[in-house]
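Engineer: As they're listed, the protein sequences go chains A and B.
Each step along the first sequence adds one to the number in our numbering, with nothing skipped, and position 297 is 297.
Position in the second sequence (first residue = 1) + 1000 = our numbering.
Fair warning: there could be bad hints in the mix.
Residues from chain A shown here face chain B by an in silico Cβ test under 10 Å; the list is partial [claimed, not checked]:
{"id": "1", "residue": "Ser178"}
{"id": "2", "residue": "Ala190"}
{"id": "3", "residue": "Ser204"}
{"id": "4", "residue": "Ala206"}
{"id": "5", "residue": "Asp211"}
{"id": "6", "residue": "Phe286"}
{"id": "7", "residue": "Arg287"}
{"id": "8", "residue": "Thr321"}
{"id": "9", "residue": "Ala323"}
{"id": "10", "residue": "Gly399"}
{"id": "11", "residue": "Ile432"}
{"id": "12", "residue": "Leu444"}
{"id": "13", "residue": "Asn446"}
{"id": "14", "residue": "Val450"}
Calculated directly from the structure, the hints in this document are not laboratory data.
If you're wondering where the values come from, they're calculated on a predicted model, not measured in any experiment.
Think of the CB as a built atom: it goes at the ideal place given N, C-alpha and C, for glycine as much as any other residue.
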Amino acid sequence: MRFVTATERFGGGTAASDPENASRTMRLRLDEEAVARARRLAGAIAGPTERFIARHSTVSVERAVLRLCGIDGVDADGVPLPNRIVDGLPRRELGAARALGAALAETGRTPRQVAEAVAAGEPLPDPARTPEAALRAALAPHAAAGLARIDANRRARETLLARLPLGEPPLLYVIVASGNIYEDRTAAVAAAEAGAQIVAVIRSTAQSLIDYVPYGATTEGFGGTYATQENFRIMRAALDEASERLGRYVMLTNYASGLCMPEIAATAALERLDMLLNDSMYGILFRDINMQRTFVDQHFSRQLNARSGIVINTGEDNYLTTADAVQQAPAVLASQFVNEAFARGAGLPAAQTGLGDAYEIDPDLEDGFLLQVAQAQLARQIFPDAPLKYMPPTKHMTGDIFKGHLIDAMFNLTSVLTRQTIHLCGMMTEAIHTPFLADRALALENARYVMNTARHLADEIEIVPGGKIERRAHEVLAGAVRILEQVAERGLMASIEGGTFADVRRPRDGGRGYDGVFAKDEGYWNPFAEALAAEAVPA
Amino acid sequence: MSLVRPYGDTLDDGAVQLSFTLPIPWSETADEAARQLTAKMGFTGAAVAEGRAIARNFSFFVVYARTPAAVDVSAIQAPPAASETLTMEQVDELIARRVGRTITVVGACIGTDAHTVGIDAILNMKGYKGDYGLERYRGFEVFNLGSQIAVEDLVRFAIEHGADAILASQVVTQKGSDIANFTALAELLEAENARDRVLLLAGGPRVTNLLAAELGYDAGFGRGTLPSEVASFIARRLAERAAV
Chain A
1 MRFVTATERF GGGTAASDPE NASRTMRLRL DEEAVARARR LAGAIAGPTE RFIARHSTVS
61 VERAVLRLCG IDGVDADGVP LPNRIVDGLP RRELGAARAL GAALAETGRT PRQVAEAVAA
121 GEPLPDPART PEAALRAALA PHAAAGLARI DANRRARETL LARLPLGEPP LLYVIVASGN
181 IYEDRTAAVA AAEAGAQIVA VIRSTAQSLI DYVPYGATTE GFGGTYATQE NFRIMRAALD
241 EASERLGRYV MLTNYASGLC MPEIAATAAL ERLDMLLNDS MYGILFRDIN MQRTFVDQHF
301 SRQLNARSGI VINTGEDNYL TTADAVQQAP AVLASQFVNE AFARGAGLPA AQTGLGDAYE
361 IDPDLEDGFL LQVAQAQLAR QIFPDAPLKY MPPTKHMTGD IFKGHLIDAM FNLTSVLTRQ
421 TIHLCGMMTE AIHTPFLADR ALALENARYV MNTARHLADE IEIVPGGKIE RRAHEVLAGA
481 VRILEQVAER GLMASIEGGT FADVRRPRDG GRGYDGVFAK DEGYWNPFAE ALAAEAVPA
Chain B
1001 MSLVRPYGDT LDDGAVQLSF TLPIPWSETA DEAARQLTAK MGFTGAAVAE GRAIARNFSF
1061 FVVYARTPAA VDVSAIQAPP AASETLTMEQ VDELIARRVG RTITVVGACI GTDAHTVGID
1121 AILNMKGYKG DYGLERYRGF EVFNLGSQIA VEDLVRFAIE HGADAILASQ VVTQKGSDIA
1181 NFTALAELLE AENARDRVLL LAGGPRVTNL LAAELGYDAG FGRGTLPSEV ASFIARRLAE
1241 RAAV
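Same shape as in the complex, but just chain B:
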């Protein structure tokens, strides 16, 4: 089966559930507006299961509908499967054996973002969910610059300290600020002729590997990432580079 549709309770029924808000007071007319709007989205059989006022001038709807659309799964190029995560000991051993020196990692929460929870989870010794942070590894020397670091300062610091990897974290995504900051960092590294010398990693709850690749990063790590996953990636890549 390569052509697939959403599955409600029968193959190919195309059933979806939607919820949205309209900026109008609730009335039966509002329910009908929600139904017609759903039809205009290309759905069929739209049924407004729930419509009600959530404020004087706003109405909320739960709508069930069917989509005629389908997607050919066989035509999708699968993202590269994540390679197996190494343990801290394995990472340290790989670094000692194949890289032969400590790896310098510089991390920061860039731009105006002050939410260091992600970068701290990856870098701080304590780590995340019982998985130690990179500071605890023998193979890494870690500089966590913290919150609200201008990309200029991050690049300058990374060059001065001969960073092997830069970890840029973005938690706030409002108005595309994360994309703008990630892009500014990649561009500045290019401008400084330093891009090829470092592994550039993006992290944050809304980051995906695909997004990171589109932005010119070597990898992206999203919500729930464990420090050992990041450590494994960095160690493997640098081991590959050392072998060349």
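Next comes chain A alone, as it looks inside the complex:
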């Protein structure tokens, strides 16, 4: 399978990776040996965790397998059928696929009928009693149909992008978050008309910690709207219609984070979402989700993202919003390297790995803008093929919307100057409320003005060798290497236990969702993991 590069996907942009352009582009002189060393260290950090991942699965991975085989819906009490089946597995260490395959072979039912029977109280058969060949053969067409749907969605996206180009990066990304999917739809279409190239539906704040994916269209949520397959479908249909009318494809984003990463990745693949927030450590550090659970879940979800052509957005902005942004810059870079290593380990190509950063330095700091440029340019050069995700100022935004609009303008300038790819537009009302419809329009106008007026500035200026910006970049890179050295020596899980990241300590067997992690039996079977692992992409 051939993967499109970031340049092809986004129609221009990552000039840093293009040798023709490189000489004309604003560049930092970097210690390439330090960059290579950081990358080697990140690989060494991810390695042992990946070996752990290979031996384990989780209830959410198994539920994702069932969803990919066509099982959806809820029982009379509103419990999702994938949860009912996984909770009722006679031997979960063998995997849900084996149990489902056995049930299909024994009863001649469809996956949906098996799920309904389980919901009605019928136990699943012991898979050990069904011959291997029979259960594999019974499941094969359903697993193949799931993969075929994912592949068809990927092709549909590629066809649409060829006909309806996205437009130039930085791609303007806005969030809708009313709690009601129908209001979100109105806001999303209006944002697209106002120039948004990507729309994200932020989730209800409770969702990251619930161990199931809610069902159906939803109209109640707090701080956001529940991610459900039906909500995905409603939003995709509305944005497809808007894309046709506007003559450019509008991307749809949601969150494969929290306790249900793999299931969200599966449903997003089935409904042709284009991007997913997905971080290898965010849930552990900032949501107290068990680390083993998160590592196993992020791996399978990234395997699915790789196949479905979905671009992930990682969550490094969280290091900056919870602590001092100047001090935390090396942690951001270190996390970008770790996220890159895990993404590569799951077969996700660089062009689908949207590493995160944010513009969060205190606006009162003299030359703070220089530090922002240093950090953003550093990421651009170190990850030339990654569609970098740049997050707006939030921590230092106040009720003064006029100053907020100015800070956002400086953020917009940094983004176009350093050729970021995915640009989350800052809202001048960030500190006040979830955005009004007009807030999004004004934010988009701000970004379009600044990016248009300074479009090729980076081609015209050079960074002073040994100046403030370059010295800051060196300092951040050196700091990141030191963090990675410590983590590599101590081990990733032990480092998280010791509070290396974000000053948060998380025990290996603590946090939410630990009881959903299990060691695979020798007879464990997951047809999707097999199919997806087989096509792992070279780095």
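Following the hints, complete the assembly by docking chain B onto the known chain A.
Structural biologist: Just chain B, lined up with the frame of chain A:
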């Protein structure tokens, strides 16, 4: 001068600037609708400085107008002036001298709210803007329960640990969820006969001291609050109580 009006460039001109969106396609009729709407709000001399489409079915306006309304400032009861903030050393000394034991503080982001940035800024050792969090104080024993804590769990924990102060944080305010959660916490403490035993503090970017008082809290701390401000308040109140 006690009767005041907004000031544009002349005393008592009553000048205000407004911006709003109407859910109609933009046209000159939409501009006129915005002008008439502003007049119906009670403003005079409404002038639509800018009107334009921000989406196919939505128009945005910037309007300048004048208000005839005025307010008598002398009739407003001023909120209590914030007392001077003590340093960490002063707080610890006050606690040692006047309370004579460590103060137990329990904090949580309550309800469905997962945004711990506020409570963490106040409680975590690192603090906020160079001002150390309560965990670093000798005088406080701090339990930060983190995000999405049910008020029932918070109250149970606070009672079990003999909390002197409860800090409830709310960042998400959508559909009044913050008010509902704050209210539920205050009511549950009353129901458990524990309200008088604790200082109850509300925090969050949209919280004001006035709002907190209305909800039956001892204090409210809004955006930009430093940990030492919260620490000073708790230490002073408990010192006063110890003196009684």
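Engineer: Take the shortest C-beta to C-beta distance between Ala323(A) and chain B; is it under 10 Å?
Structural biologist: 6 Å, holds
Engineer: Does Thr321(A) meet its interface restraint, that is, does its C-beta lie within less than 10 Å of any C-beta in chain B?
Structural biologist: Result: holds, 6 Å to nearest chain B Cβ.
Engineer: Report holds or violated for the interface hint on Asn446(A), using the least CB-CB distance to chain B and a cut-off of 10 Å.
Structural biologist: At 13 Å from the nearest chain B Cβ, Asn446(A) fails the 10 Å test, so the hint is violated.
Engineer: Hey, does the Phe286(A) contact hint survive, CB to chain B under 10 Å?
Structural biologist: 8 Å, holds
Engineer: Taking the closest Cβ pair, is Gly399(A) under 10 Å from chain B?
Structural biologist: With a minimum Cβ separation of about 7 Å from chain B (threshold 10 Å), the hint on Gly399(A) holds.
Engineer: Should the hint that Leu444(A) touches chain B count as held when the rule is a Cβ pair under 10 Å?
Structural biologist: Leu444(A) check passes; min Cβ-Cβ to chain B is 9 Å, inside 10 Å.
Engineer: Does Val450(A) pass the interface check with chain B, least Cβ-Cβ distance below 10 Å?
Structural biologist: Where the cut-off is 10 Å and the nearest Cβ of chain B is about 18 Å from Val450(A), the hint is violated.
Engineer: Hint validation: Ile432(A) versus chain B, beta carbon distance must be below 10 Å. Holds or violated?
Structural biologist: Status holds, d = 8 Å.
Engineer: So, Ser204(A) near chain B? Judge it on the closest CB pair being under 10 Å.
Structural biologist: Nearest chain B Cβ about 7 Å off; hint holds.
Engineer: Using the nearest Cβ pair, does Ala206(A) come within less than 10 Å of chain B?
Structural biologist: At 4 Å from the nearest chain B Cβ, Ala206(A) passes the 10 Å test, so the hint holds.
Engineer: Can we keep the Asp211(A) interface hint, with Cβ of chain B closer than 10 Å?
Structural biologist: 13 Å, violated
Engineer: Would the hint on Ser178(A) stand, with a C-beta cut-off of 10 Å toward chain B?
Structural biologist: Since chain B brings a Cβ to about 8 Å from Ser178(A), closer than 10 Å, the hint holds.
Hints 5, 13 and 14 from the list above are not met by this structure, while the remaining hints are.
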